[in-house]
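Trainee: First to last, the protein sequences are chains A and B.
Heads up: the first sequence is residues 1 to 177, going by this note's numbering.
Heads up: the second sequence is residues 1001 to 1108, going by this note's numbering.
Don't read these hints as lab results, they were simulated from the structure.
Hints should not be assumed to be uniformly reliable.
[Claimed, not checked] Here are the simulated distance ranges between beta carbons: (1) A:E131 / B:E1097: 46 to 56 Å; (2) B:F1102 / A:A136: 22 to 32 Å; (3) A:A3 / B:F1103: 18 to 28 Å; (4) B:F1102 / A:G138: 42 to 52 Å.
[As the list claims (entries may be wrong)] Partial list, computed: chain B residues near chain A (C-beta under 7 Å): (5) I1010; (6) L1018; (7) F1027; (8) V1030; (9) N1035; (10) M1041; (11) I1043; (12) N1048; (13) V1050; (14) T1075; (15) G1084; (16) R1096.
Positions of the beta carbon are idealized from the N, C-alpha and C atoms, including for glycine.
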Amino acid sequence: MTADAFIFWFLSLVAVTSGLSVVMMANPIYSALSLAMTMVSLAALFATLGAYFIAGVQVIVYAGAVMVLFVIVLMLFDLREETKAFTRGQVSGALKIAMIGFLAGLIVMVMAQGVKFLAAPDVVDAAKLPEDSSKALGLVLFNRHIFGFEALGVLLLVVAVGTVALARSKGGTHAKH
Amino acid sequence: MPSTDVINQIGLSHYLVLSAALFTMGFLGVLMRRNVLVMMMCIELMLNAVNLTFIAFSKFSGRIDGQIMVFFVMTIAAAEAAVGLAIIVSIFKRYREVNIRFFEHLKG
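With the hints as constraints, model all of the structure from the sequences given.
Mentor: In structure tokens, the structure reads:
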């Protein structure tokens, strides 16, 4: 087994295992830790795919900022052990699992069909992608996608104001006037 | 299909199947879990699976635009997490509980 293949299989094993434990763990703090582990392994996968800047942002934003938000809110709640961690009802649960199996088969089938229409994607290697992809990313981001970038700035401002307003209001979304 | 070595030849399909598996896990969590916080974590998991698809296509088609899209998705996801957690905090202030069966009617 080559080194690249070993790295891929190891990282995907870690990602799938920790992703499953996000769903399966009864205690939410373990779910949060598993999610952070999934984020880190996905960041390593991004790095193996040549997206170094995105890998760094993934670690900083997701595994750093977003997970800290989640853990702080969890600590704020001081939850007792979750008694009904999963959905109730045998029939509806079986129905949901069947739906999920159907969706998984559908996704894999669509991807397997879609790959055929690409120009032999396994043959085209990373030669066309520039070596320092961060510089190319910056050039494209600040030239072709500059309007989207600025719109994101406005959106983040609106979200910051809205979050503070929402968290301060008495009763939140269920406020009685 | 010239590359028959599934173990050693890592192609686009490997990343796509991994991404589909992670997305389905997130979907499973959103459907099965009752804790709103864990449901939001599963939504983040689904977003990450989609990001993996974008990055894999960006690598194997040799274009940088997929990484731009991932950049945007990450920003939106951070904003979504902030707003969702604010809503969860206000739900908790009202009901002292984050189980979804307490606010399934969406009215005061």
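Trainee: A closest beta-carbon separation below 7 Å is what the hint needs, so does M1041 (chain B) meet it against chain A?
Mentor: Constraint on M1041 (chain B) satisfied, holds at 5 Å.
Trainee: Do the beta carbons of F1102 (chain B) and A136 (chain A) sit within 22 to 32 Å of each other?
Mentor: For A136 (chain A) against F1102 (chain B), whose Cβ atoms are near 49 Å apart, the range 22 to 32 Å is violated.
Trainee: For the restraint on I1043 (chain B), tell me whether the closest CB of chain A is nearer than 7 Å.
Mentor: Hint on I1043 (chain B): violated, closest Cβ of chain A at ~11 Å, above 7 Å.
Trainee: Does the nearest C-beta of chain A fall within a distance shorter than 7 Å of the C-beta of G1084 (chain B)?
Mentor: Hint on G1084 (chain B): violated, closest Cβ of chain A at ~10 Å, above 7 Å.
Trainee: Mind checking the CB of L1018 (chain B) against every CB in chain A and telling me if the closest is under 7 Å?
Mentor: 5 Å, holds
Trainee: Kindly confirm whether 42 to 52 Å is satisfied by the beta carbon distance between F1102 (chain B) and G138 (chain A).
Mentor: 46 Å, holds
Trainee: Tell me if the interface restraint on V1050 (chain B) is satisfied: Cβ within less than 7 Å of some Cβ in chain A.
Mentor: Not OK, violated: V1050 (chain B) not within 7 Å of chain A, min 11 Å.
Trainee: Classify the hint on R1096 (chain B) as holds or violated, based on whether any CB of chain A lies nearer than 7 Å to its CB.
Mentor: 9 Å, violated
Trainee: Is the hint on I1010 (chain B) kept, meaning its closest Cβ partner in chain A is under 7 Å away?
Mentor: 5 Å, holds
Trainee: Assuming the hint says 18 to 28 Å, is it satisfied by the Cβ distance from A3 (chain A) to F1103 (chain B) or not?
Mentor: 50 Å, violated
Trainee: Holds or violated: V1030 (chain B) as interface residue toward chain A, Cβ cutoff 7 Å?
Mentor: Status violated, d = 9 Å.
Trainee: Holds or violated: the hint that N1048 (chain B) contacts chain A, with Cβ atoms closer than 7 Å.
Mentor: Constraint on N1048 (chain B) satisfied, holds at 5 Å.
Figure legend: structure checked against the earlier numbered hints; hints not met, in rising order: 2, 3, 8, 11, 13, 15 and 16.
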